[in-house]
Amino acid sequence: MTADLATRETTGAPAARRVPTPLRALLWVVLVALAYLLPTLLGGSDRIYTTVVLVAIFAIMSYGVDVVLSYLGEVSLGHTLFWAAGAYTTAILAVRSGWSPIPALLASVVVTVVLALLLGLATLRTREFVFSLVTYAAAIIGLTVVQNTTALGGSDGVVGVPLLELPAFGGTYVARTNAELWPIALVCLVLVVLLVSRFRRSRLGTTALMAQMNGELSTAMGVDVRRTRVLVFVLSAPITALAGWLYAYQRSYVSPDLLSPTFLLFMLTAVILPGRRLLLGPLVGAALLTSQQQLASLGGDADKIVLGGVLAVVLLASPTGLVGIWHALVRRVRGSRR
Amino acid sequence: MILAALVNGLALGAGYALLAVGWTVLLGAARLVNFAHGQLYMIGAFVTWFVISRFGLPYGIAVPVALVVVALLGVVLQLLMTRMTLDQNIVNLMLVTLAFGYLLQGGAALLFGGDPQTIDSPLQQQDLALGAARFTGQDVLIVVLALAFYALTFVVLGRTDLGRMVRGVAEDPKLAQLYGINAARVYLAVFVFAAVCAALAGAVVGPRSPILTSMGFEEVIITFLVVVLAGVGNLVGGLVVAIGLGLFTAFFGTFFPPAYSTAAAFVVLLAVLVVRPQGLAARR
Amino acid sequence: MSALLDVADLRVRYGHSLAVHGVSLRVGGGELVAVAGANGAGKSTLVDAVAGWSRGRPTVTGSVVLAGRDVGRLAAHRRAKLGLVLVPEGKGVFDGMTVRENLQVVRPPREAAGRPYSVDDVLDVFPRLRERIAAHCSTLSGGERQMVAIGRALRAAPRLLILDEPSVGLAPRLVVEVLTHIRDLVDDGLSVLLVEQNVRAALEVADRLHLLDQGRIVASGTAAQMREDTRVAQAYLGGLGS
Numbered sequence: 001m002t003a004d005l006a007t008r009e010t011t012g013a014p015a016a017r018r019v020p021t022p023l024r025a026l027l028w029v030v031l032v033a034l035a036y037l038l039p040t041l042l043g044g045s046d047r048i049y050t051t052v053v054l055v056a057i058f059a060i061m062s063y064g065v066d067v068v069l070s071y072l073g074e075v076s077l078g079h080t081l082f083w084a085a086g087a088y089t090t091a092i093l094a095v096r097s098g099w100s101p102i103p104a105l106l107a108s109v110v111v112t113v114v115l116a117l118l119l120g121l122a123t124l125r126t127r128e129f130v131f132s133l134v135t136y137a138a139a140i141i142g143l144t145v146v147q148n149t150t151a152l153g154g155s156d157g158v159v160g161v162p163l164l165e166l167p168a169f170g171g172t173y174v175a176r177t178n179a180e181l182w183p184i185a186l187v188c189l190v191l192v193v194l195l196v197s198r199f200r201r202s203r204l205g206t207t208a209l210m211a212q213m214n215g216e217l218s219t220a221m222g223v224d225v226r227r228t229r230v231l232v233f234v235l236s237a238p239i240t241a242l243a244g245w246l247y248a249y250q251r252s253y254v255s256p257d258l259l260s261p262t263f264l265l266f267m268l269t270a271v272i273l274p275g276r277r278l279l280l281g282p283l284v285g286a287a288l289l290t291s292q293q294q295l296a297s298l299g300g301d302a303d304k305i306v307l308g309g310v311l312a313v314v315l316l317a318s319p320t321g322l323v324g325i326w327h328a329l330v331r332r333v334r335g336s337r338r
Numbered sequence: 001m002i003l004a005a006l007v008n009g010l011a012l013g014a015g016y017a018l019l020a021v022g023w024t025v026l027l028g029a030a031r032l033v034n035f036a037h038g039q040l041y042m043i044g045a046f047v048t049w050f051v052i053s054r055f056g057l058p059y060g061i062a063v064p065v066a067l068v069v070v071a072l073l074g075v076v077l078q079l080l081m082t083r084m085t086l087d088q089n090i091v092n093l094m095l096v097t098l099a100f101g102y103l104l105q106g107g108a109a110l111l112f113g114g115d116p117q118t119i120d121s122p123l124q125q126q127d128l129a130l131g132a133a134r135f136t137g138q139d140v141l142i143v144v145l146a147l148a149f150y151a152l153t154f155v156v157l158g159r160t161d162l163g164r165m166v167r168g169v170a171e172d173p174k175l176a177q178l179y180g181i182n183a184a185r186v187y188l189a190v191f192v193f194a195a196v197c198a199a200l201a202g203a204v205v206g207p208r209s210p211i212l213t214s215m216g217f218e219e220v221i222i223t224f225l226v227v228v229l230a231g232v233g234n235l236v237g238g239l240v241v242a243i244g245l246g247l248f249t250a251f252f253g254t255f256f257p258p259a260y261s262t263a264a265a266f267v268v269l270l271a272v273l274v275v276r277p278q279g280l281a282a283r284r
Numbered sequence: 001m002s003a004l005l006d007v008a009d010l011r012v013r014y015g016h017s018l019a020v021h022g023v024s025l026r027v028g029g030g031e032l033v034a035v036a037g038a039n040g041a042g043k044s045t046l047v048d049a050v051a052g053w054s055r056g057r058p059t060v061t062g063s064v065v066l067a068g069r070d071v072g073r074l075a076a077h078r079r080a081k082l083g084l085v086l087v088p089e090g091k092g093v094f095d096g097m098t099v100r101e102n103l104q105v106v107r108p109p110r111e112a113a114g115r116p117y118s119v120d121d122v123l124d125v126f127p128r129l130r131e132r133i134a135a136h137c138s139t140l141s142g143g144e145r146q147m148v149a150i151g152r153a154l155r156a157a158p159r160l161l162i163l164d165e166p167s168v169g170l171a172p173r174l175v176v177e178v179l180t181h182i183r184d185l186v187d188d189g190l191s192v193l194l195v196e197q198n199v200r201a202a203l204e205v206a207d208r209l210h211l212l213d214q215g216r217i218v219a220s221g222t223a224a225q226m227r228e229d230t231r232v233a234q235a236y237l238g239g240l241g242s
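Protein chains in written order, with the numbering used here: chain A, 1 to 338; chain B, 1 to 284; chain C, 1 to 242.
It is worth saying that the hints were derived from the structure and are not from the lab. No residue lacks a Cβ here, since even glycine has one placed at the ideal position from N, Cα and C. Keep in mind that a hint or two might mislead.
What the simulated footprint calls covered on chain C by chain B, stretch by stretch (three residues with Cβ under 8 Å from a Cβ of chain B suffice, anywhere in the stretch; the number is not a length) [to be verified]:
| no. | segment |
| --- | --- |
| 1 | 181-187 |
| 2 | 224-232 |
Not close to chain A: a few residues of chain B, all C-beta gaps over 10 Å, as computed [said to hold, decoys possible]:
| no. | residue |
| --- | --- |
| 3 | L3 |
| 4 | L86 |
| 5 | N92 |
| 6 | L103 |
| 7 | L123 |
| 8 | A129 |
| 9 | R159 |
| 10 | L188 |
| 11 | E218 |
| 12 | L235 |
| 13 | I243 |
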């Protein structure tokens, strides 16, 4: 169902024109309501709630990479840094200084924006792959640094993150279980999807796409490609940090594994597997990958092979992802009918 | 202490140089950023260990076996990527090599287990001394091999038809076709060469310390530091930067916690990129 | 007589626009055939497609037969090995290499298709290159680079040499020099397909000439016929010529 809507998004403008706006808004509301009820419909077990919460968190995490990869066409391999920065800032402020969730989130955003600006500006004048290499190096070196810095908890990380408590009507809403965390995670996910959808239609989004399609032409048309790259990169970082913030509360501890290549591969695969430049793509990708890891895990090393294998096979066989395969099938069916 | 750091830095740097020499040629010729490079280094080390510990063969035989295994692996990987390389789809190339690296890491963990292992090289037991600085026969081997490989690469690139083909493809792959050069085959040769260099680095640097299947990520970063600091495709610059990086790491480790040495080198790189995006050694 | 090169109904498409509309032409052994026409007539697109080469990604249909063998589906480097050798318009040499290296990097095919030229033979054809043999191609003049480009094509032992605007950007005296060299090669038995914007110059050396306009051949004939052709005279020899 979600996949169907996602493919309709690729065809983009025509589909959007066919369905009148109020109806589309209604469709989205129904979709969100259905998503909210999904764990109940699937039986409402603890395992299901854990899975859907993780899907939401990992989808948000992947949307950060999606913004850079799909629209800017650059490969950021440093988003695990923002993911970890969001989680670590939250955990340290909450555990050691007793900050409440909202200020911790704001602090996480500030920290990641600063990090993204540093990386973005350092690579401002470099060629395409140097950007990827620098972001990759930042993430891998971040891992060593975090592992060896006692102030950041060393290889043990930071444990004992308190429960997620948000101010609500007539008191506070406390998320004690994954079931209670689910509404918050879903709201965050919906907000991120809205933000990305807004970005796709924004001036910055179209400029980024134009710079990706034809850098020289857009430069000739007065687009500052470097500025666009930095802006999009800086915009994408807090999205991933938001996921880190949620994850710190969901897992109640943070550790250096947040910076491991596993999460990096996950983000990239979640974007590429369904097909790049789909509004709901990262959500679908995150859902598929998380379901495999949570409900059909083959063990740590075998899951690595699955993740790496899926990414490699998709890129080699159908770089446009599942949507590309779908389109090819449709074309073949239509062709044979004629 | 200074002398000890100097000798240690030289061996480290020579190892980095060996690791980076193939990548320099690969990136220059095929504009291919291979993120699986570090895993090929890891596989080189582990196959060497496996041949020694499982079949009881001497180190001198295990190393060539590892090189052959990794060369074959390189052939398979590059054949899978041929189309992408010819299309120069840099984004997908980076992503697919990243996936390959992760696959290799998972596969190696399943195959070789998660425990740290030591490669038993007779040269590692050979203690030598130069004044106050102590080093091993293995260190000498690394330095000799690194210098030999750079010399070999330099001569092949500059003086042979193969080298001219590689340079031609690097300059203009489309034009190279008109010269009758099969770019796909040149890419294959260069990729396998880079893979073999990485494996050799793994097989000769490996005995210096315990090896883990999870290693390889830092090695990619080091390679990348060397190649970018030197300027893409700059062979001599690469050797100088690699030795420099080795010395930097050794001296940094003498005065500060060694775990931060790569991070410190990275900060230097960021500073360099801001000032000279084309690298240190590059002309203009 | 079957021609050395037989191109039939060649169409080249870039995306949705057709750049070459079904062109057919032949080149016989030891013949110099010129393709002339204005800028943007599709000359380069046509000969690039014959050589199976392009910097873009065109779709090519039609047949290209070299000495009875259909080469239309082969990659450019395979066609080059069979003796179908193109010297493209503009950048035709490796700037990062010396003159000697540019000539050395080409290996004549094992079963030589045409006459094999050693590096020395090339230097005999273009004596001017002898003194620049160790120079980097980036330091050469336009005419010298064109000679290196043709020289490296000769090294590939071509049966059919395709030259795309070898005279572009050259001083008039050099144009004559380069074209004379080409005519000498043809008189030695080489077949050449020459693209030339300068119709007057092309008619000086060619045996036959095709006029190309908007991707179609609009006039063909021997050099003598074309010189007499009023359309050619009006359109190309009137004032535009040289």
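Violated hints - listed by number, lowest first: 1, 2, 5, 6 and 11
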